[in-house]
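Enquirer: Starting from the structure of chain A, add chain B where the hints point.
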Amino acid sequence: MEIPILSLLIVIPLIGAILTLLMGGERQKNAKYVAMAFSAITLVLALVVMFTDDMGTLAENYEWISTSFITISFSLMVDGLSILMVFLTALLVLLVVVFSVHDADEDRPNYFHALVLAMEVGLMGVYMAADYFLFYVMWEVTLIPMYFMISWYGGPRRHYAAIKFFIYTHVASLVMLIGIFAMSFQAAAITGNGVDFAFAAINPVIATAATSFQAMVFALLFFGFAVKMPAVPFHTWLPDAHTEAPTGGSVLLAGVMLKMGSYGIIRICLEAMPAGAAYWQWVIIAIALVSIVYGAFACIAQKDLKKMVAFSSISHMGMVMLGIGCLNDAGITFAIFQMFAHGLITGILFMVCGMIGHKVGTREIPLLGGLAGKMPMFALFMMIGFMASLGLPGLVGFWGEFGVIFSFYEFIQGENMIWLILFCLLSLMLTAGYYLWAMQRTIFGPETTKIDLTHAHDVDKCEFIAMAVLVALVALFGVWPDAALDYIVPYIGTLPVFGVI
Amino acid sequence: MDMTAIFGDYTAIAPLVFLIVAALILPGVQLLGKNRNITWAVGLVLAVVSMVVNIMMLTDGYVGAALDLFEYNAYSGLLILLFSIVLVLMLLVSNASVETTRFNTGAYYALIFAATLGMMFVVLSSDLLTIFVGVELTSISSYAAVSMKRNDPRAAEAAVKYVVVGGMSTALTLYGISMIYGLSGTTDIAALAAWVQTLPEINLLLGVGIVAMVAGYGFKIAAVPFHMWAPDVYEGAATPLSMFLATGSKKMGLSVFFQIFLVMFVAVASVSFLGETVQYLFAIIAAITMTVGNIVAIAQNNIKRMLAYSSVAQAGYILIVMAVMSEYALSSGLFHMFTHVFMKGGAFLIVGALICAGVGEMISDYRGLAKKAPFLAAAMMLFLFSLAGIPPLAGFTSKFFLFSSTLYGMEGAVDSTWVWLAFIAVLNSAISLYYYARVVKAMYIEKGDNTEKIKVPAPFMVAIVICLVGVIVLGVYPQLVFDLCESAAAALLGPYLL
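If you're matching them up, the sequences are chains A and B in order. Mapping to the working numbering: the first sequence position 296 is 296, numbers consecutive. Mapping to the working numbering: the second sequence position 457 is 457, numbers consecutive.
Derived from the structure by calculation, the hints contain no laboratory data.
No more than 35 Å apart at the CA atoms, straight line, and that leaves these computed lysine-lysine pairs for DSBU-like:
#: 1; chain 1: A; residue 1: 164; chain 2: B; residue 2: 447
#: 2; chain 1: B; residue 1: 441; chain 2: A; residue 2: 303
#: 3; chain 1: B; residue 1: 447; chain 2: B; residue 2: 371
#: 4; chain 1: A; residue 1: 303; chain 2: A; residue 2: 461
#: 5; chain 1: A; residue 1: 164; chain 2: A; residue 2: 303
#: 6; chain 1: B; residue 1: 455; chain 2: B; residue 2: 34
#: 7; chain 1: B; residue 1: 371; chain 2: A; residue 2: 164
#: 8; chain 1: B; residue 1: 447; chain 2: A; residue 2: 359
#: 9; chain 1: B; residue 1: 453; chain 2: B; residue 2: 371
#: 10; chain 1: B; residue 1: 453; chain 2: A; residue 2: 164
#: 11; chain 1: B; residue 1: 441; chain 2: A; residue 2: 164
#: 12; chain 1: B; residue 1: 371; chain 2: A; residue 2: 29
#: 13; chain 1: A; residue 1: 374; chain 2: A; residue 2: 303
#: 14; chain 1: A; residue 1: 29; chain 2: A; residue 2: 461
#: 15; chain 1: B; residue 1: 453; chain 2: A; residue 2: 29
#: 16; chain 1: B; residue 1: 441; chain 2: A; residue 2: 29
#: 17; chain 1: A; residue 1: 359; chain 2: A; residue 2: 29
#: 18; chain 1: B; residue 1: 371; chain 2: A; residue 2: 359
#: 19; chain 1: B; residue 1: 441; chain 2: B; residue 2: 161
#: 20; chain 1: A; residue 1: 29; chain 2: B; residue 2: 455
One chain only, chain A, in its complex shape (with noise of 0.2 Å):
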C-alpha cells in the first residue's frame, strides 16, 4: 500500500494539536516534547515530500461530498510552489516550539503547543489543497488558533488587536467565498458536468471563460487574498496584531500566514484568470508600489522595533505583489522566490524582536542602545536579519528583491514606463535607511542609560539553536539560489501564458 504522505502532513499535527491540548495538569510541562516530536515528524515528511524525485505528481484525491448538485473531494497536491510553502510551514513550526521552550512555560504551556500545531494543520491544508471547498476550509481554520494565541498570550491590547484581526480576515474570507461560488458554478455551466469544486475541474474551464467574467470574479478573490497579504490599504489589522502577537505567533503569521496570501493569488487568481490579472494588472501595480512605499516610510516613523518589523513586512509583501503584477514568467518566479526569503528572514526579525522584549524588558527604539556590548550573539543574529531584509547580497533577500525589480523594469520598459522604477529605488533606500537606523540606536552606540540592563542577558541555547537554522539557510539561500529556483521554474511553465507582457 502506497503511503498517503500528503495526508499525513495534515494528520500528524492534528494528532499532536489533541494530544498536548489534552495534557493538562502536571503534564503541561512536557507539552513541548511532544510538540516538537510531532512538529519534527512533520518536517521531515515535508523533506521527504521535497526530494522525491516525483514530487510534481505527488497528489491524494478522497471523494467527500457527493450530491446530485455539487462534488466535493479531499484531494491535495503538491507541486514546486506549494513544496517551499509546505517546507517552511514545517520549518517553523518546529522552530517556534524549539524557540519557546523556555518563554512558554509560564502559562497553560499545552494550550500554547496546541495553537502552534492546529495552526500548522491548516497552513499545510491551505498550500496542499487541490479542491476549493477544502481550500476555504482549511483557510478559515487558520484563524481560531491565531485568535487565541494573541488573545491569550499577547500584549496588553491582545484583545483589541485579536477581535480585529479575527473579523478583519473573517470578512475577507467571506468575500473570496462568493468569488468561489462564482467561478465553480460558471464552470460547470460552460462544461454542463455539474458543479464540481476540484481545482482540476474550475481552473483550465475558468482560464478560457469571458474576460468580464473573469476581471468580476478575480477582484472578489484578490481582495479576499490582499487583505491578507496585507497590501496597502488593506493593511491596518496587521500592525495590531504583530504588535500584540505572542513572539512565536508573530514568527508564524509573518512567516507562512501572509504567504497564504501570495499564494493564494497566484495558485487561483493566475491560474484560473489570466485575463483577469491582465484586466487589473496597473490596479495590482500601483497597490504593490504603494504598499512598498508606504510600509517603508511608515518603518522611519516607529518607536516600537516589532511594529517596525510589522510595516517592514507590508512592504516586503507589497515586493512580492510587484513580482506578481509583472505579469511575466520572471517576475512571478522571483515574486515566489521573495515570498520563501521573506519567511525565512521574518522568521529571524520577529525572534529578535521577541528577545529583546523579554530579555531587556522593552521594545521601544528610543530607550535602547549599545545592546552589542552586553549581548554580542543577540547582536549579530539582529545584524544578519537587518542585513539579509534590506536586500545584502549574498543573503538569500538579495535575490528576491533584485529579481522583481529586474522584472518589473524589464516590463516598465516595454510598456515606456521606465520612471516607476524611482518607486523601487525609493523603497530600496528607505529600507537600508530604516534597518541600519533601527541597528544604530538599539544594538550600538553607547549602552543606554534610560533603562536597567543589569539582568539582560544573551541568547540561550534553544534560541541559538532556531535562529542559526534560519541563518543557516538564509546564507545557504543566499549563494545558491538555485536550490529554490529549481522548484519554481518548472511550476512557471505550467502557468497560463498572460496576453499581456
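Expert: Chain B alone, transformed into the frame defined by chain A:
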C-alpha cells in the same frame, strides 16, 4: 421492517400515533403515579419509539396517505425526524432542569407532545386549512407552556405577548386564506399551484391575500418586521422551552413557507412577473430579517435574548430559499434547518444547564467559564462558531450550501439575480461573528470571580453531547443528512418543476 403490516391504513401517521398516545395518557400517568420520574420515562420512551419508527419509514422510502388528509413522503419524513430530535432533546432535560420541574408535570408533557403533534400535522398536510389547524395546535399549546412559569413576571409578560401577537397573526392568516379561497375556489395547494400558472397578470386581491398570509406566518418564524415577540418570549420562557420554540416551532413556520408559497410559485419563479414579484418580496424580507437580527443581537447582554435575535437572523438565511426558489436551494435550506437544531439547540441547552448550576443569563456571568466548566465552555464555543459559520463545523457546511444556492441558476449556470442577496448574507455572517465572539471572549479570556468547578445535571450532558456530535459530524460529513434533504426537496417540488 414493513410498517404497513403493523399500522395498516394508518402507516402514514404511524410516528404520530405514539405522540397522540403520550399526549393523552401522560396527565393520567402523573395523576395516578404521582411520580414525575415515571411520567418522564414513559414520555421519553414513546418519543424515542416514534423517532425510530419514523427513521425506519424514512430509510425504507415509504410514501403513502392516511385519512385523505395526510401524506407521508420524503419531505414530511425528514421534517418529522427533525421535530422528533427536538422533542427528544427537550424531554431529556425536562426532568432535570430546575426551570421545568416546578411545572405541573402531566400538563407540561401533554402540551409539549401536543405542540410537536401540531408541527407534524403541518408537514403531513397539503391543504391550507389542515396546515392552519396544525399551526394553531402548536401555537396554542406553546402559549400555555410558556405561561407555566407562573411566579416569574418576565414569563407572564412573555406569555401575554405571545398570545396577543399569535392571535393577531392567526387572524391575518385566516383573512389571507379566505381571500385566496374566494379567488381560486380551492384550498388545496396543488390546485392552487396550477391555478397560479393560469393567471394572466398580477391580481391585486391575490396580492393582498398573499401579503396577509405572509405576514401571518411571518409572525411564526419571527421574520422582521414581525419579530418583536421572539426575544421576550425566548427570554421569559423556561430555557428548554426556548430551545423547543427556536428549533422546533420556527422550523414548522419555515416549512409552512416552503409548503405553501414555494410550491405555489416555484413553477412561475423567474418566469412571470407574478413569480418574480413574490421572489423579490421574500428576498427583501430575508435581507431585512437577517440584517436586523444580527445587528440587534450585537447590543444584547442577556444571552437568551442574543440567541433569540440570532434565531431571527438564521430564519433570514433560510428565507433565501424563498427568494431563489430552486430545488438545490430547498435542499440546502432543509439542511441548514437540521444543523441549526444542533447548534442553536446545543447553545440553549448549555444556557439551561448553567441556569441549573446557578449561573446567570447575562454574558457577563459567563466570565471565566473556561476554568469553571471546561467542557461546557468548549462545547459552547463550538456551537457559537458553528452558528457564525466557521469551518469545519456544521453551520459552515450548511451555510456554504445555502449561500452557494443563490448563485446557482438553471442547469448550474451562474445566475447573477441574487448576487446582492449573497453579499448581504455573507456580510451578515461576518457581523454575527462579532457577538458570538463576545461570548467566547467572556468564557475564555476574561477572568471570573472564582474558579469553582461547576457541575450540571447528567441528562443535560447527554443532550449537549448529542448536539456536539451533530455539529461536528454534519460539518465533516454532511452527506449523512444532505442526501435525505435532497430527496425531500425532490419530493416536495418535483411535481411542480418542469
